[in-house]
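Using the sequences plus the hints, can you model the full thing?
Protein chains in written order, with the working numbering: chain A, 1 to 642; chain B, 1 to 642.
The set of hints was computed from the structure by calculation and includes no laboratory data. These numbers were taken from a predicted model, which means no experiment stands behind them. Among the clues, some could well be false.
If you want the ones that stay clear, here's a sample from chain A, every Cβ over 10 Å from chain B, calculated [as the list claims (entries may be wrong)]:
#1 Ala247
#2 Arg317
#3 Pro628
Calculated cross-link-like contacts (lysine-lysine; reagent style DSS-like; alpha-carbon spacing at most 27 Å) [what the hints assert, rightly or not]:
#4 Lys331(A) <-> Lys96(B)
#5 Lys96(B) <-> Lys96(A)
#6 Lys428(A) <-> Lys330(A)
#7 Lys96(A) <-> Lys330(B)
#8 Lys96(B) <-> Lys330(A)
#9 Lys405(A) <-> Lys96(B)
#10 Lys331(B) <-> Lys330(A)
Derived contacts from chain B toward chain A, CB cut-off under 7 Å, selection only [what the hints assert, rightly or not]:
#11 Gln102
#12 Arg317
#13 Gly320
#14 His373
#15 Arg403
We put the CB at the ideal spot given by N, CA and C, even for glycine.
There are 2 protein chains.
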Amino acid sequence: MVEGVSPLVDGGRFPIKRVIGDRVVVEADAFADGHDAVSAVVRHRAVGGDWVEVPMEALGNDRWRAAFTVGAIGRHEYTVAAWTDPWATWRGDLAKRLDAGQDVAVDLRIGALLVEAASARAAAAGAEEDAADLERWAERLRAGSAARSALDDELDLPMRRHPDRSHETTFEPVLGITVDPVHARFSSWYELFPRSASPEAGRHGTLRDVIDRLAYVDGLGFDVLYLPPIHPIGRTFRKGPNNVTTASPDDPGVPWAIGGPEGGHMAVHPDLGTIDDVDALVAAARLRGIRVALDIAFQASPDHPWVREHPTWFRQRPDGTVQYAENPPKKYQDIYPFDFESEDWPGLWRALHGVFEYWIDHGIEIFRVDNPHTKAFPFWEWAIGELKRDHPEVLFLAEAFTRPKVMYRLAKVGFSQSYTYFTWRTHKQELTDYFLELSRPPIADFFRPNVWPNTPDILHETLQLGGRPMFEARFVLAATLAAAYGIYGPAFELGENVPREPGSEEYRDSEKYELRHWDLERPDSLAPLIQAVNRIRHEHPALHSNEGLAFHEIDNDALLAYTKRSPDGDDIVLTVVSLDPKAARAGTLRLHHGALGLDPGRGIRATDLLEGGSEVWAGDGPRIALEPGRRQAMILQLAPAR
Amino acid sequence: MVEGVSPLVDGGRFPIKRVIGDRVVVEADAFADGHDAVSAVVRHRAVGGDWVEVPMEALGNDRWRAAFTVGAIGRHEYTVAAWTDPWATWRGDLAKRLDAGQDVAVDLRIGALLVEAASARAAAAGAEEDAADLERWAERLRAGSAARSALDDELDLPMRRHPDRSHETTFEPVLGITVDPVHARFSSWYELFPRSASPEAGRHGTLRDVIDRLAYVDGLGFDVLYLPPIHPIGRTFRKGPNNVTTASPDDPGVPWAIGGPEGGHMAVHPDLGTIDDVDALVAAARLRGIRVALDIAFQASPDHPWVREHPTWFRQRPDGTVQYAENPPKKYQDIYPFDFESEDWPGLWRALHGVFEYWIDHGIEIFRVDNPHTKAFPFWEWAIGELKRDHPEVLFLAEAFTRPKVMYRLAKVGFSQSYTYFTWRTHKQELTDYFLELSRPPIADFFRPNVWPNTPDILHETLQLGGRPMFEARFVLAATLAAAYGIYGPAFELGENVPREPGSEEYRDSEKYELRHWDLERPDSLAPLIQAVNRIRHEHPALHSNEGLAFHEIDNDALLAYTKRSPDGDDIVLTVVSLDPKAARAGTLRLHHGALGLDPGRGIRATDLLEGGSEVWAGDGPRIALEPGRRQAMILQLAPAR
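Set out below in structure tokens:
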């Protein structure tokens with residue numbers, strides 16, 4: 001019997017996710033009726049490749065474990081096989097009989113039959129030497145002349161090379177692993193509006209301006225540059241500044257109202273440039289180790305060419321008009337959703353798949369998908385499945401801030417990463433609970449968080465009210481709690497924090513509706529902190545994954561203390577953040593040494609990664625004091641003092 | 001999407017177990033992409049019957065729940081179906097539009113299309129009146145004359161009777177429920193050796209003697225009478241008293257060494273009587289509401305007729321002899337195991353199945369199966385499956401004291417009840433942990449404990465050393481912690497506690513090897529306590545199931561306090577047991593009122609079910625004092641004082 005296999009997502013219905021180079025640790029319960037010895041293996045392969053077997057180790061209580069490394073990007077598979085092992089049973093029993101001084105003549109004859117059969121299996125497998133060896137052993141056993149030596153490794157080893165697996169059971173179904181590039185788990189994102197990237201105030205920014213901006217983004221230490229939609233923008237029902245419904249002819253409109261006479265999802269807004277500029281941007285970014293992520297928003301402005309070319313892809317109202325987007329009583333008449341229940345759904349699905357293919361052809365490897373939860377799950381499972389089969393390096397970030405089970409389902413059907421509720425988790429207990437949930441199985445096996453302190457849609461109240469200290473706190477939390485995080489800049493580093501109106505999470509004078517011009521050289525920019533933290537992230541493997549997260553006791557409700565530890569255990573990074581933007585806070589830290597593999601008796605060397613210097617902690621927990629304006633957070637490396 | 005269904009055993013591979021009359025509570029996550037309203041139902045049926053649907057209630061966070069009652073013994077099935085509900089979506093949106101004062105002319109036309117379609121569904125289903133009603137409503141909506149009244153129940157109710165379920169998803173696989181008679185969960189077992197049932201010392205007891213003993217067993221309050229094997233006993237390698245390997249001709253042998261010239265598993269030992277005596281015993285027991293359970297031990301003495309008739313059902317050794325049972329270096333030469341890997345396994349399986357059928361024909365409805373873990377799991381799944389299909393009332397108790405996962409697997413493949421580790425769980429924390437594990441999902445969904453303070457094979461050290469107080473303690477624990485329990489008597493009620501040798505769990509002068517004569521009238525018999533506790537068990541629904549178990553804080557390591565509460569919440573029984581057989585113990589009880597639905601502010605009336613009388617507890621927890629020789633345990637009914 002093989003059961004209780006882990007990792008396992010919904011009984012094997014969905015693959016687990018890993019990145020290249022990960023060790024996949026598999027456990028299972030394996031047992032048989034009766035008293036026979038059991039052996040078990042994990043079987044794994046890259047899809048299309050040969051199966052490889054790794055012997056499992058018995059952990060006690062019928063639990064078994066083995067690990068293997070996934071060495072290539074793409075789809076892998078694994079399962080567990082186990083069998084009753086007559087040789088191991090016989091050998092164990094013989095030892096007990098000999099210890100008890102029993103006559104083992106008949107037992108040796110039984111053993112000879114087992115060895116003979118193994119010899120035949122060896123011969124059939126072309127292992128001539130083993131076959132001959134085993135045949136000689138069988139003769140000795142038959143002759144009754146090899147009682148104690150029958151326990152020798154010299155016999156055991158070839159027997160174990162040719163086991164009798166006639167009573168083998170294999171766990172079903174075969175389980176999937178989506179193996180992604182490392183940056184699927186560890187990446188630092190920077191979002192900017194290309195149209196605001198002009199160095200001159202008032203001029204519409206271009207993709208060429210974004211190329212010039214790469215040095216800045218690179219200097220901050222980001223490795224993914226994410227652009228809102230770069231397509232032509234509709235004119236019908238175009239929105240003006242601050243989302244007013246009456247736009248003037250000069251208003252640039254909302255980039256998510258996709259499509260105009262110039263084209264739709266596979267066109268570039270003429271004011272931004274051309275497809276050649278996209279290619280140039282992707283190439284220039286690649287030279288700096290930065291990947292460009294595009295926004296895929298599957299919806300159309302009333303002026304999108306598909307509205308005319310494929311009317312069946314949109315729902316018609318009884319009055320003959322096209323159904324616009326709604327969230328009653330709100331109406332979004334500048335946006336037409338696609339009708340995933342269209343009779344021509346195969347045509348629609350193929351066209352949407354084609355949008356991804358078009359941009360992949362132009363070097364895009366990361367897509368941030370807008371509101372995937374309002375499209376059909378089966379579409380995503382199909383489209384992402386096809387795309388990852390043909391381009392296994394391509395990644396998909398789900399922009400879904402909907403209910404938890406819907407977000408998890410999107411991850412299961414294929415999204416590589418997902419936005420999270422981080423933005424609204426502001427208290428100590430909320431942050432602790434949420435990140436423990438995200439960093440442990442079963443969630444961590446299929447859902448990868450990408451956390452953002454702000455987005456163009458969300459300026460949280462804490463940032464509106466907390467000023468620069470809160471920007472620092474939320475930034476450090478994002479960059480150290482999660483292996484993947486991002487900021488919407490330059491609004492973030494420049495501390496943009498005025499809402500459209502009190503109680504709103506929208507920015508006033510949002511770039512979603514108008515051009516902005518940003519002074520990147522402002523002395524109060526958070527750029528130095530961002531640069532430092534991104535450097536620490538790159539240098540510390542502890543921060544490259546989410547699994548090694550542990551929270552620690554600190555006796556102050558506004559202080560949050562947590563460590564991350566690298567899979568090999570060698571790198572430990574402690575972060576302490578004050579959630580209070582107004583007052584100084586202090587507390588005594590009580591490290592959970594067991595979770596860190598640190599012996600407090602030996603002392604702990606704490607190296608300050610932000611401000612430099614180090615000290616040794618011994619005995620009682622250290623006192624941590626943080627003060628708005630002086631320092632809002634500490635990032636320390638911990639190591640044995642000696 | 002439908003996922004996260006509970007209860008669920010191994011993804012639906014195995015059925016859950018319930019008893020007739022149980023309410024089955026089913027939960028699931030059900031959700032859809034987008035903003036559409038979702039509806040969900042649980043679908044259930046007795047196998048072969050019609051499916052019945054029960055609407056599920058939304059619990060929040062996309063979780064849904066419904067319950068249904070299983071009203072017949074046998075196999076049932078259930079699953080969950082959910083669909084997006086365009087009518088509920090439209091209706092909810094209309095309310096918001098009207099509240100916002102919007103023009104809803106086009107929306108009413110959309111609603112008319114939904115109502116028209118429902119009218120057509122109603123007509124197709126033969127609901128002429130609904131069809132006509134809905135057609136009239138559609139006309140009103142088309143005419144735009146029914147804005148606010150479109151929200152009336154008068155329209156909503158027929159719409160909900162004829163929902164559009166074209167986008168329905170059903171959870172797979174369909175899930176099974178084994179519905180057993182009530183005594184599968186709640187039963188009190190008494191084991192005795194018929195050959196020791198003679199009223200005269202020295203005479204071999206008979207089944208007729210057992211009929212005479214029924215009044216005693218009934219008087220103690222037991223409802224299952226379990227008999228060790230009643231078949232002819234082998235003579236070859238017969239064991240003598242205290243398991244010596246040299247038996248005298250007068251020694252009766254071990255009942256588990258089944259088979260002699262007189263027959264095998266379908267014969268009655270001549271000294272016990274005839275098959276007619278079995279029929280008479282079953283009938284006499286039934287008149288008292290007692291069921292007779294037989295022991296099924298699938299193994300043979302060397303003298304079993306099948307050894308001669310079916311040599312292929314046994315494994316041959318290279319010297320031509322039959323392989324006897326072993327646990328190296330121990331040899332059990334009086335026992336031949338069946339070879340479940342025999343080439344004639346189909347013949348063996350059918351023959352073993354036939355043994356059950358034979359005894360079912362003679363009125364036996366409960367089988368205690370000896371060492372099922374040394375036989376093939378697939379055999380049990382097949383045999384129990386066939387037998388329960390043809391005789392759904394028949395129950396199987398697994399006598400397996402092997403590793404936990406093996407015991408759980410036996411329960412999954414079909415055993416109705418199982419022996420447990422209760423005998424070896426003697427400390428407060430051990431008992432607490434173990435019974436919490438057994439009384440909660442997932443274990444409680446498929447595994448039913450049957451707990452025994454002693455068996456003919458296990459005289460635990462605590463009973464050897466603890467004397468009568470420990471017998472009282474272990475008895476009350478067994479009878480109140482588990483809905484099903486048993487004792488091996490009269491050894492138990494007469495306090496038999498001498499081991500074969502120090503350190504052994506075997507009884508000295510065990511009935512397994514010789515006849516015994518018991519003085520049931522001894523004044524120190526535990527019979528009065530047993531009688532009282534069995535009466536309490538019958539009178540209190542709280543003790544009829546395992547799920548309502550809660551442990552409570554009491555500040556003494558030797559005092560264990562727990563309650564059971566009936567599913568309707570009305571009956572609460574508190575038991576406090578002292579695990580110390582030597583010294584008086586006292587402690588303050590802190591009831592977990594929340595788990596009991598009791599308001600301490602109203603006072604709690606505690607009625608002493610063993611000694612009579614009652615008192616009201618208010619404010620601080622009551623002080624409980626127990627003293628060996630005076631009282632070892634208390635059983636109290638708790639109820640609101642006013």
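Quick rundown of the hints versus the structure:
{"no.": "1", "hint": "Ala247", "result": "holds, 22 Å"}
{"no.": "2", "hint": "Arg317", "result": "violated, 5 Å"}
{"no.": "3", "hint": "Pro628", "result": "holds, 36 Å"}
{"no.": "4", "hint": "Lys331(A) <-> Lys96(B)", "result": "holds, 12 Å"}
{"no.": "5", "hint": "Lys96(B) <-> Lys96(A)", "result": "violated, 80 Å"}
{"no.": "6", "hint": "Lys428(A) <-> Lys330(A)", "result": "violated, 35 Å"}
{"no.": "7", "hint": "Lys96(A) <-> Lys330(B)", "result": "holds, 9 Å"}
{"no.": "8", "hint": "Lys96(B) <-> Lys330(A)", "result": "holds, 9 Å"}
{"no.": "9", "hint": "Lys405(A) <-> Lys96(B)", "result": "holds, 26 Å"}
{"no.": "10", "hint": "Lys331(B) <-> Lys330(A)", "result": "violated, 82 Å"}
{"no.": "11", "hint": "Gln102", "result": "holds, 6 Å"}
{"no.": "12", "hint": "Arg317", "result": "holds, 5 Å"}
{"no.": "13", "hint": "Gly320", "result": "violated, 10 Å"}
{"no.": "14", "hint": "His373", "result": "holds, 6 Å"}
{"no.": "15", "hint": "Arg403", "result": "holds, 6 Å"}
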